[in-house]
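Trainee: Go by the hints and put chain B onto chain A.
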Amino acid sequence: MSESDPKPTTPADDWMTSRRTFLRAAGFTFASAMITGCQSSPIHHAIPYLVQPEDVVPGRPVYYAGTCSGCSSGCGVLVKNRDGRPIKIEGYTDHALSQGGVCAVGQAHLLGLYDNLRFSGPRRDGQPVEWTDVDAEIAAQIAKVKAEGGAVRYLSGTVSGPASRTVVEKFLGGFADARWVMYDPISSSAILDSHERTHGARVLPRYRFEKADVVVSFGADFLGTWTSPVEHTAGYRARRTPDDPAVPMSYHVQFESRLSTTGGKADRRFRVAPSEMGALVSGLAALVARKAGTELAGAAAPAAHAEALAEVAERLWAAKGKCLVVSGSQDVQVQALCNFINHLLGNYDQTLDVTAPSNQRLGSDSALAALLDELRGGRVKALFIDGVDPVYDLGLATELADAIRRVPLVVNFASRNDETAVASKFVCPDHHALESWTDSEPVRGIVNLSQPATRPLLATRSVLESLSAWMGEPRSILDIVRSTWETKVFPRQTAQPVFLTFWERSVQDGFCTVTPEPVAASAFNLAAVKPAGEAHAAAAGQLEVVVYPTVGMLDGRHAYNAWLHEMPDPMTRVTWDSYACLAPATAKRLGLSEGDVVRVAAAEPGASVECSVVIQPGQHEGVVSLPMGYGSRLSERFANVGPQWLESRTAVGDDGRVGRHAGPFVTMREGARLFDGRPVQVSPTGRSRPLAAVQLHHALTAPEELDGLGFERRDIVRQTTFAELHDEKSHGGHGEHHGGPSELWPQDHPVTGPKWGMSIDLSACTGCSACVVACQVENNVPVVGRDEVMRHREMHWIRIDRYYEGDGDDVSFQPMMCQQCGVAGCETVCPALATLHSEDGLNQQVYNRCVGTRYCANNCAYKVRRFNWFDYPHADRFENLVLNPDVVVRSRGVMEKCSFCVQRIQEARIAAKARGEAIADGAIQPACQQTCPARAITFGDLNDPNSALSKANHGRRSYRVLEEVGTEPSVTYRAVVRNREGGEGHHG
Amino acid sequence: MQQATETGWLGSRRLTTLLIIALIFGSALLVTGFGPMRLPGDQQGYEPAQPIKFSHRLHAGELAIDCFYCHSGAEKSRHAGVPAASTCMNCHKNITSTFGAFRAEDDLAKKEGRPPRQIVSAELRKLYDALGLDDARKPDPAKTPKPIQWVRIHTVPDFVHFDHSAHVNAGVTCQQCHGTVQAMERLRQDSDLGMGWCVNCHRTSNKSGVAGKPVHASIDCATCHH
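Chains A and B are the protein sequences, given in the same order.
Number 988 marks the last residue of the first sequence (the numbering used here); no jumps.
Number 1214 marks the last residue of the second sequence (the numbering used here); no jumps.
Chain A on its own, in the form it takes in the complex (with noise of 0.2 Å):
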């Protein structure tokens, strides 16, 4: 119809004819009719408490100081508790291991209390029966071994704590044949086993780095899955601040087969394959020995790396007493040579504690394998297995399985349904760690004490309770610890006089520091010392296998949690999958490229797993490194876990489990389970499996293959060196100064009050991905699965960048998050004003506004948005708990993004004004920062001269990512710092 056309005239009888007309008003009458109608919501209720305990103020948090059971470590926790329910495990500053940080499993291992599928009380034969027909079964049984004189072992992981002790070692007194039999599935055993043969003491020392002004590692991962990881990244941290010329900078070098986390972190790095590491450690033992007037018979003067071993030797002397030449090996004749080189550089007592040593690792791998002889021979009578996976650990699933099938009464602690459990007659599940009383020695002298953070919430019970009741003497397990302690642990200290007063006090800490019991060690054996066997190339076409634990699976007790499952691998960036890094030569060489499915073989016992390749720069040519941890029945729940829609796709694999079990490739060789240098055979088997890797999702660099059509190379992450920081001359790392206060839009909203901002150190993030889970754990944010991450959909808040620079060598980690920015790209685009500023800064989301146009991620020149392409599952109201209250669940449509966790400033806020004072700086931690271990985030107000932030923002290192094009972020960065001669430092 054209505009001159004049419009018809209506016939006045047509009005009731036009259905479309009667559809409208119909419509339009069932739509008010609707409205009108709905007006009572469904009824709420308010269930107060019957007696209202005295200290809980419904709506307001309360903490419990505790130690995380993520691990071995032992690090303090605080649990934040609302409402009679544990939501979040926070950092705990004063805690003497941790000081404040907690690792990714650490915040992850929450989810397992609302777990589901955790046993919900004791089966037998894998049908649910009640404890006391379970007790008396169990107790007769015990009684007939006992009359026999059976063999009885109890299989547990690393168990420090003075009160388990005290009961598994009464309850095994019981017996006539009885042995603790403890191994740790990732294994430490060659450290202690050379202690024992250099120091005659089996003991495990601790480990301070911040101590050592070098630092040399062979193979040791200590920053990402070592023995204490949290501990010994606030060690090594505390000597890479480079701000201060006075507080030199450890030097650190790093000689690896695969690239870890630590590895990208070092100063030198050299990649070295797992047969040669050997000669290498012997190479550096001579040098040293020879520098200390002494001979190390037979040590063959490496061929590779000489002159870098003459370098670090050279180094390493010069810092005599304050160095650290570690080794992940499992040994033991490598262990005893760095033994022996840490004790001509005196550092016995000084970086490397073996009085007050650490108990973080206990495990004996030779105890287990006679353990295993043992078991295959049927010569056990019962068996106890406690807090260990062993059937999914030591890579022998049918066949120890079997040998434990044949043991008359086994007895299982675990929590879950995993492959040690399905072969056990009976299953005790124990509580998770925040339901019950536990203690633990981490270190000797460091006792740690955790209270139930909640009641029970399944009908579990203490394994202490399940061994007292079987000794005929039930007791509550409050009633076993506090005695314990009265008698074991009270008396090794003398602050407190009266016990009542120094068990509340243990009790308030969550530790306490007493008396550590002496070590018997003996004078340091020097014939011990032999130089380690020469390197044993591998034969033509086969590479050397690496089994490695990464920081979020570890060696996979946690593989029933989706959060870890969902955190990208610091280094790979994959999620939801194991897979089989291979240096990019190799990967030519056998013409390979990033998600082609490869079998990797071994000969001889035979062990053969298919898995998609990842390129790993860095990595030794020689090497195939798979991560541990995947492939177990714990993840066999995730057939299903995110949206489920006409497209999904299933996060496991065709096994129906996620990712592949490298166990098989772990030897046992001469009493020690070996993790690398087994010979393997990769071949390519065709297909092809892409993973769900994420770093190039929400790239902020330009593609290289534009590099020549004049896009300019951006520096995201800058790098300099210590000698170039504090060179006054140069620009100290600084980069150009880009760009100025926005042309394009006026600043009409100044910040007048208090002005959020954030500062990333760069030089500190190890990339452990502690934030990512804090965060997600604090802001409720959903787990989406393997496919949509594939789609580009992880709805991560923050996430880690990692940029390899030159050959992959160094590593930088970048934690991205929403910049907050003073002019934001997102603003000027929502249609709906659904993302505006605040008026202390910052960017907010506001999610009822929203309409899900996408214009603002689109906008966004961090990619720091996320949408909510579904209302992601939240049906299982069991592990809603785990919920924060405070932070909304956000529907379906809706985009979010980091929002410097707005509820803290609102909840500091609220209670400073309540106070009538300013927020003091310090106050406000986002989750991020609360369990950062590396103290890499520091957040405060950036209109107070005085604060922290400011003071670090001050510094010659920071800036802040693509100023240039004026968005005036408010976080800043601070420059990555390696401890090279001046001019060796880039920017990326």
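If you are wondering where the hints come from, they were derived from the structure by calculation, not from laboratory data.
Don't be surprised by glycine CBs; every beta carbon is placed ideally from N, CA and C.
Hints may be right or wrong, so weigh each one.
[As the list claims (entries may be wrong)] Below 27 Å or equal to it, Euclidean Cα-Cα: the simulated DSSO-like pairs (lysine-lysine) are:
| hint | chain 1 | residue 1 | chain 2 | residue 2 |
| --- | --- | --- | --- | --- |
| 1 | B | LYS1081 | A | LYS913 |
| 2 | B | LYS1114 | B | LYS1134 |
| 3 | B | LYS1064 | A | LYS913 |
| 4 | A | LYS913 | B | LYS1114 |
| 5 | B | LYS1195 | A | LYS80 |
| 6 | B | LYS1081 | B | LYS1114 |
[As the list claims (entries may be wrong)] Partial list, derived from the structure: chain A residues whose beta carbon lies under 8 Å from chain B:
| hint | residue |
| --- | --- |
| 7 | ILE716 |
| 8 | LEU842 |
| 9 | VAL887 |
Mentor: Here is chain B on its own, set in the frame of chain A:
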């Protein structure tokens, strides 16, 4: 043809349709007696029956018990909180019925020359039942303690985070939002608790202060929405 039926905004056909709709609407309102038009979720005037006929008029009005005695969270938490049954028992351990009922029993007992009997009102018996107590307020093994399920009146949607302590500590009186609770026999929602109502008060408070003091009541979205 579509074009042929198209007409101007106030063409007779559309006007008629509108009138019909208005008629249906109007009659619906008359029949159900909804009163003024409201937004969904607006529960102003909501006055549900409670499991126990608790009278705010008696407790807060006549007896002038301080609001914070029972709603102790209001000063320190986001939730004002419904008092625990144990809080009720601070008084109702001894006060088992109304004053009138006591006096009547006293008079009767005097008349009949016997000691007065224990009087327990039907409403308070519900409280004792909840706590698993008998009429003598002693634990009764036959009864299982079961928390009282009060019907919640004041509620805001999940995407709103309201904090009582922030308001109470700023000097906002309870009545400003909750109305004259001390005069309500059965509690009724006085305000609509809608966002407009919140923001208006924040704006006015920023201009004129609260309780004579200047205040800064933020009108940023993230103050409540996070």
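Trainee: Taking 27 Å as the top limit, are the C-alpha atoms of LYS1114 of chain B and LYS1134 of chain B close enough?
Mentor: Holds: LYS1114 of chain B and LYS1134 of chain B sit about 10 Å apart, inside 27 Å.
Trainee: Hint check: LYS1081 of chain B vs LYS913 of chain A, CA-CA at most 27 Å. Holds or violated?
Mentor: Between LYS1081 of chain B and LYS913 of chain A the Cα gap is close to 38 Å, so the pair fails against 27 Å, i.e. violated.
Trainee: Next pair to validate is LYS1064 of chain B with LYS913 of chain A; report whether the Cα-Cα distance is within 27 Å.
Mentor: 12 Å, holds
Trainee: Checking hints one by one. Is ILE716 of chain A an interface residue toward chain B, by the C-beta closer than 8 Å rule?
Mentor: 28 Å, violated
Trainee: Answer holds if the nearest beta-carbon of chain B is closer than 8 Å to that of LEU842 of chain A; otherwise answer violated.
Mentor: 6 Å, holds
Trainee: Given the hinted pair LYS1081 of chain B and LYS1114 of chain B, is their alpha-carbon gap at most 27 Å?
Mentor: 13 Å, holds
Trainee: Would the stated hint for VAL887 of chain A survive a check requiring a Cβ distance to chain B of less than 8 Å?
Mentor: 6 Å, holds
Trainee: Does LYS1114 of chain B lie within 27 Å of LYS913 of chain A when you go C-alpha to C-alpha?
Mentor: Given that 27 Å is the threshold and the Cα spacing comes to 41 Å, the pair is violated.
Trainee: With the threshold set at 27 Å, check whether the alpha-carbon distance from LYS1195 of chain B to LYS80 of chain A stays at or below it.
Mentor: 38 Å, violated
The structure fails hints 1, 4, 5 and 7 (numbered hints given earlier, in ascending order).
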